[in-house]
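S.K.: Each residue of the sequence shown is one higher than the one before, counting from 64 in our numbering.
Hints listed in this document are in silico derivations from the structure and should not be mistaken for laboratory results.
All the pointers check out, no bait thrown in.
Ranges between beta-carbon positions, derived for each pair:
hint: 1; residue 1: 201; residue 2: 319; range: 48 to 54 Å
hint: 2; residue 1: 241; residue 2: 65; range: 24 to 30 Å
hint: 3; residue 1: 280; residue 2: 153; range: 45 to 51 Å
hint: 4; residue 1: 150; residue 2: 174; range: 23 to 29 Å
hint: 5; residue 1: 242; residue 2: 201; range: 24 to 30 Å
hint: 6; residue 1: 303; residue 2: 242; range: 36 to 42 Å
hint: 7; residue 1: 292; residue 2: 129; range: 36 to 42 Å
hint: 8; residue 1: 207; residue 2: 90; range: 23 to 29 Å
hint: 9; residue 1: 129; residue 2: 204; range: 31 to 37 Å
Idealized CB from N, CA, C, for every residue including glycine.
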Amino acid sequence: MRALVTNDDGIDSAGLAALTRLAAGAGLDVVVAAPAEQSSGASAAITAVRDEGRTLVERRDLPGFDGVQAWAVRAQPGHIVVAALTGWLDPAPDLVLSGVNRGANVGRAVLHSGTVGAVLTAAVHDVRGLAVSLDVALHPTGERHWDAADALFPRLLELLLDAPAGTALSLNVPDRPPSEQRELRHARLAAFGSVQARVDEVGDGGLRLGEIEVGTRPEEGTDGALLAAGHPTLTALRPVTEAEDRLVPEWLARSERRRA
Numbered sequence: 064m065r066a067l068v069t070n071d072d073g074i075d076s077a078g079l080a081a082l083t084r085l086a087a088g089a090g091l092d093v094v095v096a097a098p099a100e101q102s103s104g105a106s107a108a109i110t111a112v113r114d115e116g117r118t119l120v121e122r123r124d125l126p127g128f129d130g131v132q133a134w135a136v137r138a139q140p141g142h143i144v145v146a147a148l149t150g151w152l153d154p155a156p157d158l159v160l161s162g163v164n165r166g167a168n169v170g171r172a173v174l175h176s177g178t179v180g181a182v183l184t185a186a187v188h189d190v191r192g193l194a195v196s197l198d199v200a201l202h203p204t205g206e207r208h209w210d211a212a213d214a215l216f217p218r219l220l221e222l223l224l225d226a227p228a229g230t231a232l233s234l235n236v237p238d239r240p241p242s243e244q245r246e247l248r249h250a251r252l253a254a255f256g257s258v259q260a261r262v263d264e265v266g267d268g269g270l271r272l273g274e275i276e277v278g279t280r281p282e283e284g285t286d287g288a289l290l291a292a293g294h295p296t297l298t299a300l301r302p303v304t305e306a307e308d309r310l311v312p313e314w315l316a317r318s319e320r321r322r323a
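Input sequences plus hints: build the corresponding full structure.
M.R.: Below, the structure is given as structure tokens:
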């Protein structure tokens, strides 16, 4: 079983090394391909830096992972996944593992996450994917617990491999040792994420976007609320598809009647 490990924090991030360690330890055939630079907020974009039409790729050696192929790609994670599944890697990956992201990916703001965008891109290609995110504060202190998902990963991998093709899962874990976490919970998305963008400065010819932590408490039972209470959360996500409602058909029917 071949796994592509990617992220949006970049090839040199500690979270990527943590997820690579978990994937290799589970006996997967691991290949790493991640952005050469920080690409947070990329969503499922497939943009890249190109030279004469060719996406720029550099072979890398990851410390502690002898024998694992690794590539730094001048592209967003969505681009990397598309390339890996459509002819770049041979054989193509059987699943996509994305993370471990530095910061939670909760609420409907997962739309903007490059970490989540990677597994949603995989799902569009009928490939299973798992996004893993660590609930790091916007301005943290102390050390990060990159081993926070260690105890959960084996059974989530088993769940993923037994799931239908195109399944996309998002795991969020508290930034604390596994022994201090509460039980894993299924969670629906909160209305907002834990961090929101805002305009900090407007001037002649430009503006500056910043980030703030959301001050309101998320709704009970949502990923944001459960994560804040110390629970790792798991959410199944669906890639873009048409809405199952009657708004457009009913509007078209009324429009046809008026024309008649």
